[in-house]
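Engineer: These are the residues of each chain, in order.
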Amino acid sequence: MNVSSSMFHEIDLDGAKDLYRKLVLARFFEEQAAVLYSQGHIYGFCHLYIGQEAVIAGLSHVKQPQDSVVTSYRDHAHMLALGVPPNVIMAELCGRTQGCSRGKGGSMHMYCKERNFYGGNGIVGAQVSIGAGLAFAHKYNDDGGVAFTFYGDGAANQGQVFEAFNMASLWKLPVVFVLENNHYALGTAENRAVSGSGLSTRGDSFGIPTIMVDGMDVFDVIKKSKNVIEKVRCGDGPVILHMDTYRYKGHSMSDPANYRSRDEVENIKKTRDPILNTKKILLSDFGVSTDDLTKIENETKVVVETAARFAIESSEPDSSDLEKDVIL
Amino acid sequence: MSKTTSFRLAIRDAIADEMRRDPRIFLIGEEVAQYQGAYKASQDLLKEFGHKRVIDTPIAEYGFAGIGVGAAFAGLRPIVEFMTFNFAMQAIDHIVNSAAKTLYMSGGSINCPIVFRGPNGAPRNVAAQHSQCFASWYAHCPGLKVVAPYTAIEANGLLKAAIRDDNPVVFLEHESLYGKNFEIPDNEILPMPLDRAIVVRGGADVTITAFSISVDQALSVADELQNKHGISAEVINLVSLRPIDKDTIIKSVKKTGRILNIEEGWLECGIGSEIISIVIEDAFDYLDCEPKRVATAGVPMPYSKNLEQLALPDTNQIVNLIKCMCRLN
Chain F
1 MNVSSSMFHE
11 IDLDGAKDLY
21 RKLVLARFFE
31 EQAAVLYSQG
41 HIYGFCHLYI
51 GQEAVIAGLS
61 HVKQPQDSVV
71 TSYRDHAHML
81 ALGVPPNVIM
91 AELCGRTQGC
101 SRGKGGSMHM
111 YCKERNFYGG
121 NGIVGAQVSI
131 GAGLAFAHKY
141 NDDGGVAFTF
151 YGDGAANQGQ
161 VFEAFNMASL
171 WKLPVVFVLE
181 NNHYALGTAE
191 NRAVSGSGLS
201 TRGDSFGIPT
211 IMVDGMDVFD
221 VIKKSKNVIE
231 KVRCGDGPVI
241 LHMDTYRYKG
251 HSMSDPANYR
261 SRDEVENIKK
271 TRDPILNTKK
281 ILLSDFGVST
291 DDLTKIENET
301 KVVVETAARF
311 AIESSEPDSS
321 DLEKDVIL
Chain H
1 MSKTTSFRLA
11 IRDAIADEMR
21 RDPRIFLIGE
31 EVAQYQGAYK
41 ASQDLLKEFG
51 HKRVIDTPIA
61 EYGFAGIGVG
71 AAFAGLRPIV
81 EFMTFNFAMQ
91 AIDHIVNSAA
101 KTLYMSGGSI
111 NCPIVFRGPN
121 GAPRNVAAQH
131 SQCFASWYAH
141 CPGLKVVAPY
151 TAIEANGLLK
161 AAIRDDNPVV
171 FLEHESLYGK
181 NFEIPDNEIL
191 PMPLDRAIVV
201 RGGADVTITA
211 FSISVDQALS
221 VADELQNKHG
231 ISAEVINLVS
241 LRPIDKDTII
251 KSVKKTGRIL
261 NIEEGWLECG
271 IGSEIISIVI
281 EDAFDYLDCE
291 PKRVATAGVP
301 MPYSKNLEQL
311 ALPDTNQIVN
321 LIKCMCRLN
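Residue numbers (the numbering used here), protein chains in the order written: chain F, 1 to 328; chain H, 1 to 329.
Simulated from the structure, these hints should not be mistaken for laboratory data.
Just so you know, these numbers come straight off a predicted model, no measurement behind them.
Just so it is clear, CB atoms sit at the ideal spot from N, CA and C, and this is done for glycine as well.
Treat the hints loosely; a few may be bogus.
Stated by the list, open to error - Beta-carbon label-pair distances, calculated as ranges: (1) H/N125 x F/G235: 58 to 66 Å; (2) F/D204 x H/Q34: 50 to 58 Å; (3) F/G235 x H/R21: 24 to 32 Å; (4) H/E268 x F/D255: 32 to 40 Å; (5) F/D204 x H/E268: 45 to 53 Å; (6) F/N227 x H/Y303: 30 to 38 Å; (7) F/K231 x H/C269: 31 to 39 Å; (8) H/I280 x F/S320: 40 to 48 Å; (9) H/D22 x F/Y43: 51 to 59 Å; (10) F/S254 x H/C289: 30 to 38 Å.
Said to hold, decoys possible - Computed footprint of chain H on chain F, listed as stretches where at least three residues anywhere in the stretch have a Cβ under 8 Å from a Cβ of chain H: (11) 125–139; (12) 233–241.
To be verified - Restricting the straight-line Cα-Cα distance to at most 20 Å, the calculated cross-link-like pairs of lysine-lysine (PhoX-like) are: (13) F/K249 x F/K17; (14) F/K279 x F/K295; (15) H/K180 x F/K172; (16) H/K246 x F/K139.
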């Protein structure tokens, strides 16, 4: 862990516990989703976030209420971190009418206007232009907000990402591009898809600074992003937060991930796991007790089990819903 | 009706009127600001509203369409101009996947009040990649409203309504109409319904449906039929292509017993195919002869003048076709 002690001092005890709660909520929720998937309650495409939790846990810590967020189809944890109730997310994954999209969106298409969360997008890279548009609205309305725009290393190769970079920089839009680089676009390793000097220099020709972040370390996420985001907020133009992260599971539930070695995955789980490492720091540097952490874990298990029960017991959409909400 | 204005100015005036009314509205696209529109449909808007609300973009349709959608999700009301709808092919993902589907995908919680507008169809002499009608492409998609004005009054009134609508609206203009002058009323043009066809000429023997510049041709056909052959044609300007105003069409066919559609798009899966399906399903017993479609030939638009003319719907051929339908040949 490469964290300065001054970093810890900006996070108080409650803040530290809150971070841990966000990390384990994301992890436990996804593990529960995998169970429901195996039982057939969740179906279709379902992309788990396990391994990448530090990215959204850390950024939700620095996010302000007026900020907006948009991401890809790997979106469950983002909603959880923004405070959307786990019950309605799980119900949506199960296609239930109590879900946040009334069962019509599913895993990839979830939204929460109250929390300025604009999806959930199933078209790889499309959310990057949309995120620039959210930032355009922040600037237009002069509301002091920034748009957190998450995308993966796969999306980074989409043409419209460059278009969005260009306009965001040209117009100094308050957008924080968050590259969640988990190094595999489905089964294509980064080095098989990225030319030249790599993703870390993609912002250079647009005059967009790139900040390299350990996306497995929640404290590094907070430390590296906090001041940078405030500059974006003040009108300095966009930045790219390049999160070096890793997903433990396949691209989606149907991907056995045979394109990488078991050793590679196990080694990262052992050395860089965001939850284990955060736990160590909370115990050693914040004086949090093991009991405190166990309590958080147990409470979170209950939250997640409750969400699963809520989802399973929720009803399927009524047939009368089929043609609702096509047009206003 | 005591004065005239061009289609182009009618578009411009609608944008200006709406922008004065609602500060959330902005215009974004290639050459819309300093150049004042590739077709001068945004003349003087930059001067009045400034760079904040009239925004020149780089040539990046996919990107700026997505930026428009994001801004609309967040509550602004963008007017996205495509220099032509041919270029909107680069952006059709955001029009369909992002703008049209999100209301449904979000269970009704996120709407997208946005207008995608620009010239559509076949202007003359610009060949295949600049001469295509996309009406049926967009009319196919749930979540979109699709309109194509013919007169200046429609251009103005429909655009006002499109801008005020809380849904994404695809607004198909025609380059060859921009310079055409139409009579307009002295007083302000009010927003017009986006879902209603207009009977532009009453008739008893045959119904001709058309939209955009094809209405012009339909009226010429009707004139000739009346003057030279004594056939009374009713001309319906479809105006809205999604939804299609079935009631107006059915009512007319029940009266005339015959229907023919003219369009600049291709025949297969075109607007005419839809019109005929509607008539077969809802007024089959009223038909006195088989319904007909006239469309552009099934080829990419050729450049050469004579071939282009051959490809486009031909007035004489349509007249002859209708004479056959009326058993006058």
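Engineer: Using the Cβ atoms, figure out if F/K231 sits within 31 to 39 Å of H/C269.
Structural biologist: violated (51 Å)
Engineer: Per the coverage rule (Cβ-Cβ under 8 Å, at least three residues), is the stretch 125–139 of chain F covered by chain H?
Structural biologist: Since three or more residues must qualify, the claim that chain H covers the stretch 125–139 of chain F holds, with 12 doing so at under 8 Å.
Engineer: Could one say that the CB atoms of H/E268 and F/D255 fall in the range 32 to 40 Å?
Structural biologist: Given a distance of about 38 Å, which is inside 32 to 40 Å, the answer is holds.
Engineer: Does the Cβ-Cβ separation between F/D204 and H/E268 fall within 45 to 53 Å?
Structural biologist: holds (47 Å)
Engineer: Sort out whether F/K17 lies within 20 Å of F/K249, counting only the CA atoms.
Structural biologist: violated (26 Å)
Engineer: So does F/G235 sit 24 to 32 Å from H/R21, Cβ to Cβ?
Structural biologist: holds (29 Å)
Engineer: Are F/D204 and H/Q34 spaced within 50 to 58 Å by their CB atoms?
Structural biologist: Given about 28 Å between the Cβ atoms, the range is violated.
Engineer: Check the following: the C-beta atoms of H/N125 and F/G235 are separated by a distance inside 58 to 66 Å.
Structural biologist: violated (47 Å)
Engineer: Using the C-beta atoms of F/N227 and H/Y303, is the stated range 30 to 38 Å upheld?
Structural biologist: Violated - the Cβ-Cβ distance for F/N227 and H/Y303, about 58 Å, lies outside 30 to 38 Å.
Engineer: Taking 20 Å as the top limit, are the C-alpha atoms of H/K246 and F/K139 close enough?
Structural biologist: Distance ~43 Å between H/K246 and F/K139 Cα, so the pair is violated.
Engineer: Going straight from one Cα to the other, do F/K279 and F/K295 come out at no more than 20 Å?
Structural biologist: Distance ~13 Å between F/K279 and F/K295 Cα, so the pair holds.
Engineer: Go check the stretch 233–241 of chain F versus chain H for me, would you? Three or more residues, Cβ under 8 Å, otherwise it fails.
Structural biologist: violated (count 0)
Hint violations for this structure: numbers 1, 2, 6, 7, 8, 9, 10, 12, 13, 15 and 16, all remaining hints satisfied.
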